[in-house]
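**Student:** Listed in order, the protein sequences are those of chains A and B.
Everything in the first sequence is counted per the numbering used here, starting at 1 for the first residue and increasing by one.
Everything in the second sequence is counted per the numbering used here, starting at 1 for the first residue and increasing by one.
Incorrect hints may have been included.
Unchecked claim - No more than 25 Å apart at the CA atoms, straight line, and that leaves these computed lysine-lysine pairs for BS3-like:
| hint | chain 1 | residue 1 | chain 2 | residue 2 |
| --- | --- | --- | --- | --- |
| 1 | A | Lys8 | B | Lys141 |
| 2 | B | Lys96 | B | Lys57 |
| 3 | B | Lys96 | A | Lys8 |
Just so you know, the hints here were simulated from the structure itself, not pulled from any lab data.
Here is what each chain is made of, one letter per residue.
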Amino acid sequence: MPLGIIFKRALRDIRQNLVTHVMTTIVVALTCLVFIFFSVFSLNLQRIADHFGKELAIVVYLKKDMPQDKIPSLYQKIVGMDGIESVRFVSSEEAFKRLEKYFKDEKEVLEGVDPLFLPPSFEIQIDRAVYNPGRVRSIAQKFADWPEVQKVQYGKEWVDRLESFSKAVKAAVVASAVLLLVMAAFVVSNTIKLTVYARQDEIEIMRLVGATNGFIQGPFLLASFLQGVSGSLAAIVAGLFCYEYVLNIITQTELIKSLNLQFLPPLYMLTIVLVSGIFCVAGTAMALRRFLTL
Amino acid sequence: MLSGDQSVIELREVQKKYAPDIVALEEADLTISKGEFVFLTGPSGAGKSTLLRMLYKAEEPTGGSIIIDGVDLSSLSKSQIPQLRRKVGVIFQDFKLLFNKTVFENVALSLEVLGLKKNQLSSRVRQVVEGVGLSDKLHRKVVQLSGGEQQRVAIARAVVNRPPIILADEPTGNLDRKRTTEVVALMEELNARGATILFATHDENLFTDTHRRVLRLKDGKIEEL
Numbered sequence: 001m002p003l004g005i006i007f008k009r010a011l012r013d014i015r016q017n018l019v020t021h022v023m024t025t026i027v028v029a030l031t032c033l034v035f036i037f038f039s040v041f042s043l044n045l046q047r048i049a050d051h052f053g054k055e056l057a058i059v060v061y062l063k064k065d066m067p068q069d070k071i072p073s074l075y076q077k078i079v080g081m082d083g084i085e086s087v088r089f090v091s092s093e094e095a096f097k098r099l100e101k102y103f104k105d106e107k108e109v110l111e112g113v114d115p116l117f118l119p120p121s122f123e124i125q126i127d128r129a130v131y132n133p134g135r136v137r138s139i140a141q142k143f144a145d146w147p148e149v150q151k152v153q154y155g156k157e158w159v160d161r162l163e164s165f166s167k168a169v170k171a172a173v174v175a176s177a178v179l180l181l182v183m184a185a186f187v188v189s190n191t192i193k194l195t196v197y198a199r200q201d202e203i204e205i206m207r208l209v210g211a212t213n214g215f216i217q218g219p220f221l222l223a224s225f226l227q228g229v230s231g232s233l234a235a236i237v238a239g240l241f242c243y244e245y246v247l248n249i250i251t252q253t254e255l256i257k258s259l260n261l262q263f264l265p266p267l268y269m270l271t272i273v274l275v276s277g278i279f280c281v282a283g284t285a286m287a288l289r290r291f292l293t294l
Numbered sequence: 001m002l003s004g005d006q007s008v009i010e011l012r013e014v015q016k017k018y019a020p021d022i023v024a025l026e027e028a029d030l031t032i033s034k035g036e037f038v039f040l041t042g043p044s045g046a047g048k049s050t051l052l053r054m055l056y057k058a059e060e061p062t063g064g065s066i067i068i069d070g071v072d073l074s075s076l077s078k079s080q081i082p083q084l085r086r087k088v089g090v091i092f093q094d095f096k097l098l099f100n101k102t103v104f105e106n107v108a109l110s111l112e113v114l115g116l117k118k119n120q121l122s123s124r125v126r127q128v129v130e131g132v133g134l135s136d137k138l139h140r141k142v143v144q145l146s147g148g149e150q151q152r153v154a155i156a157r158a159v160v161n162r163p164p165i166i167l168a169d170e171p172t173g174n175l176d177r178k179r180t181t182e183v184v185a186l187m188e189e190l191n192a193r194g195a196t197i198l199f200a201t202h203d204e205n206l207f208t209d210t211h212r213r214v215l216r217l218k219d220g221k222i223e224e225l
């Protein structure tokens, strides 16, 4: 069956039932818009988490009685590890100087204190390109297992909270994606079902004059694909407008500006459009299977 | 017109029963040769429509076998049924037309399902519509036509793809005498061009003076008259 004929018939069907098709497309668009909202929120939350997470450093405190000659080899060992961006050694003396600086006007507090009482440490920055909260934890755990290490600090609670929140939002996005796409497919398949009901006589006649299932189903499937695609495209355009509008309001502060918030990447948008179209076709195919028996 | 013994419609001990105990056909045997024009008669409810429906596989027999143009219908898969229906043109008593579409659109449907484009099918549709005497109403909606004209549209749709077999199910059931004569004449013309025709009717006037073969369906059996 030439695609041109199916395309023509699909367009004719849409023209003849324009109101129904437009209403369905709007429902698909609204459904996709909710999903796009969740996606943009999740994506930017991840960006924010990354932005702040990258500022976190791991501080590895060494045992005070550790021989000084072991420090270069430890340094080399850390630098050679995967996912490490930079390493800085802080001696006991330097740590004490920082403490003095911190107390500034109340230096007398430190009078009589041994300048070597603070342990030497390594301040380690994680590679930004491979940063994620789970990775920070696993690297910190490796340091903690070394015999020369007294203690490891890395803002554990902050990283953990960030990670669990980020996971929750991701799960919400996935759940909403499945739920909303199923809903869109359901709405589209029901519209098509109503159209099939309305045109049962025509379908029966087509069957009697020798139409194949492909000839009968093709225009319905194509119409639902067009609804899925046009609905999701409309949702992307509307979502982009809403995003720009909200961005204009909230980027008054320097902090928000520095976060460099973004809309969905092009590949993500393309996926939404295709998946929406495919789900609508799948829903319609299932609805038609029950109606169109020879 | 008879053009030899090559059978195009064959029924072998065909049975059709409906639950609980209604017998529409009981061990019916029938052979119709290529190019024959056969009347099938019997009172209303005798099973004429059921028999025709089984010939284009809208219904399945409960026993026996039906062979159309050498093909046993029980061997056909669902995807092969459209091929059978393209070989068998059916004219229905209730016309089965799309009333909100034009004469052209209704007739063209039989060619559209074959995948023909508008420019390919246009001349064929015009020719057939002219043949049934409706060329001046080509772009009228079917709902605007009289019963006789609607029946002629149904005939045009059934024959436009030149099927070798035409099944007519009470095609004159809703028509007056004049229109009935026109339809029968049209069917005879199609037969003269080579189509095998099985014409179901309960109107005995149509075949009393004819030389055509007449079959009667009675108590589930097919009898030759």
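**Student:** Are any of the numbered hints broken by this structure? If so, which, sorted upward?
**Tutor:** Going through the list in order, the structure violates no hint and respects every one.
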